[in-house]
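Take these sequences, add in the hints, and give me the full structure.
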Amino acid sequence: MGLNMTCTPGREAAAALVTVGDLPALVIYLDPVNLTVQIPPFPGGREVLARLCRELSREAWKVADRLESAGGRHALAEGTGDEAAEEV
1 MGLNMTCTPG REAAAALVTV GDLPALVIYL DPVNLTVQIP PFPGGREVLA RLCRELSREA
61 WKVADRLESA GGRHALAEGT GDEAAEEV
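Under the working numbering, the sequence shown has 22 at position 22, and the numbering climbs by one with no breaks.
Calculated directly from the structure, the hints in this document are not laboratory data.
All figures in this text were calculated on a predicted structure; none of them were measured in a lab.
Warning: the hint list may mix true and false statements.
Computed Cβ-Cβ distance ranges for the label pairs, DEER-style [what the hints assert, rightly or not]: (1) 51 with 11: 29 to 35 Å; (2) 16 with 62: 20 to 26 Å; (3) 53 with 1: 17 to 23 Å; (4) 29 with 2: 21 to 27 Å; (5) 31 with 57: 16 to 22 Å; (6) 6 with 36: 29 to 35 Å.
Where is the CB? At the ideal position from N, CA and C, for every residue including glycine.
Take a look at the structure:
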């Protein structure tokens, strides 16, 4: 299936691991549109989705770093906020 899409996240945008049946999937809640990425239905599909998720993670960190005014780790790092401030 081919799909080309351009969008902007709403204020409540998020991402999550969900299960579809008994299988893990990635859901991107763009507020108000949702995109679910499931395991492809062919041999090796689990590995394909795992590779894609790791690549998405790496590239998302690069985007977040570029968006940071200080150029350091992005402000949404886990913790109370003090740890994130110390890393910048």
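Okay, the hints, checked on the actual structure:
no.: 1; hint: 51 with 11: 29 to 35 Å; result: holds (31 Å)
no.: 2; hint: 16 with 62: 20 to 26 Å; result: holds (21 Å)
no.: 3; hint: 53 with 1: 17 to 23 Å; result: holds (18 Å)
no.: 4; hint: 29 with 2: 21 to 27 Å; result: holds (23 Å)
no.: 5; hint: 31 with 57: 16 to 22 Å; result: holds (21 Å)
no.: 6; hint: 6 with 36: 29 to 35 Å; result: violated (18 Å)
Hint 6 alone, counting from the list given before, is not met by this structure.
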